[in-house]
Amino acid sequence: MSPPAFGGVAAIAGIGQTEFSRRAGRSELQLACESITAALADAGLRPADVDGLVSYTVDPVEETELVRSVGFDGIGFSSRIPYGGGGSMGVLLHAASAVASGAADVVVGYRAIRARSGASRFGGAKIAPSPTSAHSGTTAMQWCIPFGVLTPASWMALNSTRYMHEYGVTSEDFGRAVVQLRAYAATNPNAWGYERPITLEEHQESRWIAEPCIHLLDCCQETDGSVAVVVTSAERAADLAATPVRIAAASGAGLFEQEIATDHYRPDLSVMDGSVALAARLFDRFDIARDDIDAAMIYDAFSPILLMQLEALGFCGPGEANEFIADGNLALDGALPCNTNGGLIGEGYIHGLNLVLEATRQLRGTAVNQVADAHAVLVTASRTGAILTAD
Amino acid sequence: MFRAVQRPAPVVTEDSAAFWDAADEDRLVTQRCAACGRLRHPPRPMCPECGSLTVEVVELSGRGVVYSYALLHHPQHPAFEYPVLAALIDLAEGIRIVSNLVGLKRDEIRIGLPVQVEFVSTDGDHRVPVFRPVDVNGSVAP
Chain E
1 MSPPAFGGVA AIAGIGQTEF SRRAGRSELQ LACESITAAL ADAGLRPADV DGLVSYTVDP
61 VEETELVRSV GFDGIGFSSR IPYGGGGSMG VLLHAASAVA SGAADVVVGY RAIRARSGAS
121 RFGGAKIAPS PTSAHSGTTA MQWCIPFGVL TPASWMALNS TRYMHEYGVT SEDFGRAVVQ
181 LRAYAATNPN AWGYERPITL EEHQESRWIA EPCIHLLDCC QETDGSVAVV VTSAERAADL
241 AATPVRIAAA SGAGLFEQEI ATDHYRPDLS VMDGSVALAA RLFDRFDIAR DDIDAAMIYD
301 AFSPILLMQL EALGFCGPGE ANEFIADGNL ALDGALPCNT NGGLIGEGYI HGLNLVLEAT
361 RQLRGTAVNQ VADAHAVLVT ASRTGAILTA D
Chain G
1 MFRAVQRPAP VVTEDSAAFW DAADEDRLVT QRCAACGRLR HPPRPMCPEC GSLTVEVVEL
61 SGRGVVYSYA LLHHPQHPAF EYPVLAALID LAEGIRIVSN LVGLKRDEIR IGLPVQVEFV
121 STDGDHRVPV FRPVDVNGSV AP
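Residue numbers (this note's numbering), protein chains in the order written: chain E, 1 to 391; chain G, 1 to 142.
Label pairs and their computed distance ranges (CB to CB):
no.: 1; chain 1: E; residue 1: ALA41; chain 2: G; residue 2: CYS36; range: 55 to 61 Å
no.: 2; chain 1: G; residue 1: LEU53; chain 2: E; residue 2: ARG121; range: 38 to 44 Å
no.: 3; chain 1: E; residue 1: ASP292; chain 2: G; residue 2: GLY37; range: 45 to 51 Å
no.: 4; chain 1: G; residue 1: GLY37; chain 2: E; residue 2: ASP73; range: 53 to 59 Å
no.: 5; chain 1: G; residue 1: SER121; chain 2: E; residue 2: PHE256; range: 32 to 38 Å
Hints are computed from structural coordinates only; laboratory data are not their basis. Since this is a predicted model, take the numbers as computed values, not measurements. Glycine included, each C-beta is placed from N, C-alpha and C at the ideal position.
Model the full structure from these sequences, guided by the hints.
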C-alpha cells in the first residue's frame, strides 16, 4: 500500500503565540487574534491570504467572530477537532488534508484558552449538569461525577495506578521525567518554569493530587494564552518568509471502547493502545522509521501518560519507559530528546498545540534547547499525531 | 453524616435511565443485547457487536474486584470527603464501572481486592452503587 497522498504536500509556514500566563486579562478572542496575527507575520502573509480555519471543538473562539476581528474575507474551509487535548495534532491533519486536497490554500490552526483565569479552572473539580462535555470525548464523565471523580487528574489517575501495578513503576519514575522537563523549561524564557528547575526530592515532597500516581509537580500548568500555526503547500511555503517545516505524516487513531480522559473501559488500561494504533498509522502507513525521529513532543498533561506514550509509540518496550528515562534518553544528548520546551508540564498548557510550535522551532534550528541536526520531529497527543520534517 | 452539599445526583439520560432507575431501588443492572446477548456498560442504544437496538436489562451479582484505584486529594468539591477513594471495579459478569470504595482503611486498598456492591444516597434522593470489601469467605466486611 502506498503512503497517504497528502504526506509531505503541506508545510507549516508560520507560527505565532501570545505570552503564556496565569491571567491574560483579555478575552480568548483577543488572544486568538494576537497569535494568528503573529503567525501570519512570521509567514509573511496577510489575513486576506487565509481561506481555512481549524481549531478544537472545545475552543471558545467562534469562527465568525474571528473572521470579523482579524479581517479574513474569504474563508472556504473550516473544521474542528473533537477529543479535547487528545485531538491536538488533528489540527495538522485537517490543515494538511485541506491544503493537499485543494479545499483550501492557506489554513490557520489555532487554540485560545484561559485555563487558569477563565470562568472555571481547567483542572478544577466541576460537577457538569449535562451528559456531554462539548464534544471533548469525555461523555463518560457522567459515570464519574456521582463518585467524586471530577477532574482530568482523577480520570487519568485510575489508569496510571494500574500502569504502576502492572510494571512496578513508581512515583519516582514519573518524577525523573518531570525533572527533565523542568530542566528544559528552566532555560526557556517563555516557560512557566523558566529559571526554576526542580529536584526529584522536590517532586516527591510536592503534595498528592491523586495517590499513588500524581503529585502536584506531575501536573501540567493551567495556562492562559493562544498559539497559532499557518499551513499551506510546501511549494508555496518555500517562497514565504519563514523556513518551512513539512507535514510529512499526520493521523488520528481511535479504537473501540477508547475514550479520551475518561478512558476506563478498555480491557488493559496499562497500555495506551490508541497510541499504539496511532504509531502504526504514522510510521507504517507513511513508511517512516522510528530511528529517523530526532526529537519528540508528546502530550504530557500528567507525567504518567508521557511514560505510557513512549512505550505505546514504540520507543521502548512495555514497562521500560522508566529505565529509558533514567538512562537520560529524553535529554538533548539522549536517544529521543523530548518536550524540549519543557512540555505542557514545564512550559505551559495551550491544550497541546504549543508542542507543535516547539517542533517547528526545532526543525528551523531556532529552539532554546536545540537538538543538533534535527530533521524529523514527532508530535503526538494520545490519539492524534504528526511527523514534521525539515527540507 | 450531614454535609452542606450532598453527593451529586447522577446525570440521567434516555440511554442511561434503566441503570439509574434500578440503582434508585438498590439494584445493580446492566444492558444485555436482546439479539446476541452481549453485555455492555456504560449503556448505549445500539449493540456494537450485532447492531441491534433491542435491549434487555439484567441484574448483576454485585460482586467484583478492584481493577485500579486512586486516592483523590485535590482539587476538592464540597460534596465529598477527602481523600475520595475512587476505584474501577471489574464486575464478575465482565464489565467495568467507576465507583467508590467504602468500609476499608486507606492502606487496605489494593488491586485485586474482592468487593460487593451496596448503595448510598445522593442529592435529589437518588441512590448510586459503591463497593465494600468482602473477606475470603465471601462475607461483607463490617
